[in-house]
Amino acid sequence: MKRLAWLEDTPVRAEDGGRLGRVFEIRSPGAAETEPRQSRRPIDSLLCGRRGLLERLGWKEPDARVVPWSAVLALHAHEILVRGRVDDYRQLGGFRSEAS
Amino acid sequence: MKKILEIFLGILTAMGGFVEIGELTFMMNAGSKFNYQLLWVVLLGVVGIMVYGEITGRIAAVRGQAVFNVVRERAGMRLGLLTLVAATLVCLLTCAAEIGAIALLWQLLSGWPYRALLLLALVFFLLVVWFLPFKAIERVFGLLGLLMVVFIVVAWKMQPDWGQMAAGLLPTLPSGPTDKQLLYAYYAVALISSVMLPYETYFYASGVIEDRWTPRDIPLNRVIVIIGFALGGLLAAALMSVGNQYLGPQQVEAGLPGTAAFSAASQLGRAGLWLAIGGMFFAFAGAAIETAMCSAYDIAQFFGWPWGKFRAPRNAPRFVLAWAIVLVLSTAVVMTGVDPIQVVEYSIVFSVVILPLTYFPVMAISRDPDVMGVHVNGPIANTLGWIYFVLISIAAIAAIPLLILTHGGEG
Amino acid sequence: MSARTPSTGGGRPDYVDIYRQVLDHALLDADDWLCGIVDDIEVEGDVGEPLRVTALLVGPGAWASRLPALFARLVPHLFGTRCVRVPWSEVSVLGEQIKLRSRAAVLGLATTDRRLGLYIAKLPGSERSAK
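One line per chain: the protein sequences are W, L and S, in this order.
Numbering (the numbering used here) for the first sequence: 6 to 105.
Numbering (the numbering used here) for the second sequence: 168 to 578.
Numbering (the numbering used here) for the third sequence: -12 to 118.
By construction, these hints were calculated from the structure, which means they are not laboratory data.
Accuracy of the hints is not assured; some may be wrong.
[Stated by the list, open to error] With the Cβ distance kept under 7 Å, some of the chain W side facing chain S (calculated, not the full set):
no., residue
1, Ala10
2, Arg24
3, Glu30
4, Ala36
5, Ala37
6, Thr39
7, Pro41
8, Ser44
9, Pro47
10, Trp74
11, Val77
12, Val91
13, Asp93
14, Leu97
[Said to hold, decoys possible] Here are the simulated SDA-like cross-link-like pairs (lysine to any residue), alpha carbons at most 25 Å apart as the crow flies:
no., chain 1, residue 1, chain 2, residue 2
15, L, Lys169, L, Leu398
16, W, Lys65, L, His542
17, L, Lys324, L, Thr426
18, L, Lys302, S, Arg(-1)
19, W, Lys65, S, Ser79
20, S, Lys109, L, Ala303
21, W, Lys7, S, Arg(-1)
22, S, Lys109, L, Leu293
23, W, Lys65, L, Leu293
24, S, Lys109, L, His542
25, W, Lys65, S, Pro111
26, S, Lys109, L, Val295
[What the hints assert, rightly or not] To be clear about the criterion: a stretch of chain L counts as covered by chain S if any three or more of its residues have a C-beta under 8 Å from a C-beta of chain S, and this derived list gives those stretches:
no., region
27, 224 to 236
28, 476 to 485
A quick note: this is a predicted structure, and the numbers were derived from the prediction, not measured.
Heads up, the beta-carbon is just placed ideally off N, CA and C, and yes, glycines get one too.
Work the whole structure out from these sequences, hints included.
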């Protein structure tokens, strides 16, 4: 696990087989830098959701499921496996306006 | 006072730079084949380019950086690179057509060999873009392109059927065999494409950065875009009328720019001929420069290379190499002897196919309040923007099938 | 050109979305010179461990892997394999454009432009700019 760009659009599946959509965002806590501050930025969650045509066009914000990094069990090239069931993961209505 | 001059010059530049060889050819042919029945498409296209010109100008003014970055940010690496390659190829084809058309015009005047004139044109463009500042390029070719106004005078003098023209503003399908209807549809798609060519909005947006606009210039941008492009549309409509009045009866195809020049001569004599040739030269030359620079802007912005005429050439070397290489390759294309008007035809058709690709990231960003702040799309820009996006998507899907079904527009 | 962030009103969010706000954004150095685009992001950590962003990656070596395999193979031949690592500690302001603390030359960015610029400088008129 050396880089982040490849994760985008990878499907996410829960242990019980349910799908959480595809990764469309990676969230890091802490406000955006306005001065040099830290040498590393932590990553706390992946945002996953349905990536239909309207979402990709920017017409609709995807309904996001928040997957904490700690819940990730395995990373494969074509799939990410996470702990538990789909419903264990919180849904964000509009992912821009809500903090995870 | 300075602002008023700025607006005035901006409008004239937008009008003078509106027409290029593709538009000229298709407008005149549409007029000769279908009278004024396609005038509504011109109106539709002009409003469309106003909408996207305003949006891309606003994005550039607010972000302080150019629009092709937007493509990469929103479409991602894969789709973004595909868009870049497609847009560059289309720009290259258009540039080739303009250079070819200019050589044809010079050949008309001088009788010198075509290929020698192509090389002369290439040297001319390399020197102009290298030495002239952006503002000078914009103004010289934009304002002198206004010589094309001679065609408005010519159209007026030919006393067109005003009633028919007015009727043409409403969409109608021509009666007749399916062949004719398919050709009509093909021309409708081609006309929309020729008015809404992607390089126009991308070049315009890069120009906003070159001219150092800020969000305060947004109202200025709106005025220039609306009035300038409306006047440009008037010019396009005049070409359609001239095509109808001059080519129709003569059963001639506006294959050569010379034919267009002769139509002016038929009404205004020698003066008309010279004004038409002069106008066409500056309009086509402007388009050649814009497409070459637009390719360079797009490539440099996509990969994060320093770009712009506001930077000295030694500080933006890859940008300079990009436009120089595009000019050389474009000349090479027409050097092969392929008919520039044929090249135009293909560039127009492929332009419309990629139009949705180039406009969707623009729509996505302009709606995003995190990026645009208070300058995010209002209801008009949003509604019109999306309506046009759907329209051009339909045109994009229909373009290639229509090209095939009409045997390349031969009918 | 300076990093410009339009005011959105209200409080600033307490998180950063890496794909939307960092990846594919332009980089400006200490002198506000454009010196590249964020082509990928380096992280340390793994599944089951804390994950942290450590650096920005710039160059064809960084973005080639984001293309489908067929094209990714062509990139080294056309563009090279250069991949410059910009430590996250260099990030000064995270806005529409990402401002860095040091100058491009120090970070190893925009070297191709510097090299080519020396050749172009030999031509007359290469110094002229709009400024």
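Structure-based check of each hint:
The criterion of a C-beta within 7 Å of any C-beta in chain S is met by Ala10 of chain W, whose closest approach is roughly 5 Å, and the hint holds. At about 19 Å, the closest approach between the beta carbon of Arg24 of chain W and any beta carbon in chain S exceeds 7 Å, and the interface hint on this residue is violated. With its C-beta approaching chain S no nearer than about 5 Å, Glu30 of chain W sits inside the 7 Å limit, and its interface hint holds. With a least beta-carbon distance of about 5 Å to chain S, the hint placing Ala36 of chain W at the interface is held under the 7 Å criterion.
With a least beta-carbon distance of about 4 Å to chain S, the hint placing Ala37 of chain W at the interface is held under the 7 Å criterion. Interface hint at Thr39 of chain W: satisfied, since its Cβ lies 6 Å from the closest Cβ of chain S, which is below the 7 Å cut-off. Satisfaction of the interface hint for Pro41 of chain W is found here, the shortest Cβ-Cβ separation to chain S being roughly 5 Å, below the 7 Å cut-off. Taking 7 Å as the C-beta cut-off, the interface hint given for Ser44 of chain W holds, the closest approach to chain S being about 4 Å.
Against a cut-off of 7 Å between C-beta atoms, the interface hint on Pro47 of chain W holds, since the closest Cβ of chain S lies about 5 Å away. A least Cβ separation of about 5 Å between Trp74 of chain W and chain S falls short of the 7 Å threshold, and the interface hint therefore holds. For the restraint placing Val77 of chain W at the interface with chain S, the shortest Cβ-Cβ distance is roughly 5 Å, inside the 7 Å limit, so the hint holds. Because the closest C-beta pair between Val91 of chain W and chain S is about 19 Å apart, greater than 7 Å, the hint is violated.
The beta carbon of Asp93 of chain W comes no nearer than 17 Å to any beta carbon in chain S, farther than 7 Å, and the hint placing it at the interface is violated. A least Cβ separation of about 12 Å between Leu97 of chain W and chain S goes past the 7 Å threshold, and the interface hint is therefore violated. Restraint check for Lys169 of chain L and Leu398 of chain L: satisfied, since their Cα atoms lie roughly 22 Å apart, inside the 25 Å limit. Of the pairs offered as hints, the one joining Lys65 of chain W and His542 of chain L holds, with about 20 Å between alpha carbons and a cut-off of 25 Å not exceeded.
Taking the CA atoms of Lys324 of chain L and Thr426 of chain L, the gap is near 18 Å; set against the 25 Å cutoff, the hint holds. Note on Lys302 of chain L and Arg(-1) of chain S: the hinted pairing is violated, with a Cα-Cα distance of about 39 Å set against a maximum of 25 Å. Distance restraint check for Lys65 of chain W and Ser79 of chain S: the Cα-Cα separation of roughly 32 Å exceeds the 25 Å cut-off, and the hinted pair is therefore not satisfied. Simply put, Lys109 of chain S and Ala303 of chain L have alpha-carbon atoms about 24 Å apart, close enough for the 25 Å limit, and the pair holds.
At roughly 29 Å between alpha-carbon atoms, Lys7 of chain W and Arg(-1) of chain S are farther apart than 25 Å, so this suggested pair is violated. At most 25 Å may separate the alpha-carbon atoms for a hinted pair to count; Lys109 of chain S and Leu293 of chain L meet this at roughly 16 Å. Simply put, Lys65 of chain W and Leu293 of chain L have alpha-carbon atoms about 45 Å apart, too far for the 25 Å limit, and the pair is violated. Distance restraint check for Lys109 of chain S and His542 of chain L: the Cα-Cα separation of roughly 44 Å exceeds the 25 Å cut-off, and the hinted pair is therefore not satisfied.
Restraint check: the Cα-Cα separation between Lys65 of chain W and Pro111 of chain S comes to about 52 Å, which exceeds 25 Å; the hinted pair is violated. Only pairs whose Cα atoms come within 25 Å are accepted, and Lys109 of chain S paired with Val295 of chain L is accepted, the gap being roughly 18 Å. Three residues within the 8 Å Cβ limit are the bar, and the region 224 to 236 of chain L against chain S gives 5, so the coverage statement holds. Here's how the region 476 to 485 of chain L fares: 10 of its residues keep a CB closer than 8 Å to some CB of chain S, so the rule of at least three is met and the hint holds.
Hints 2, 12, 13, 14, 18, 19, 21, 23, 24, 25, counting from the list given before, are not met by this structure.
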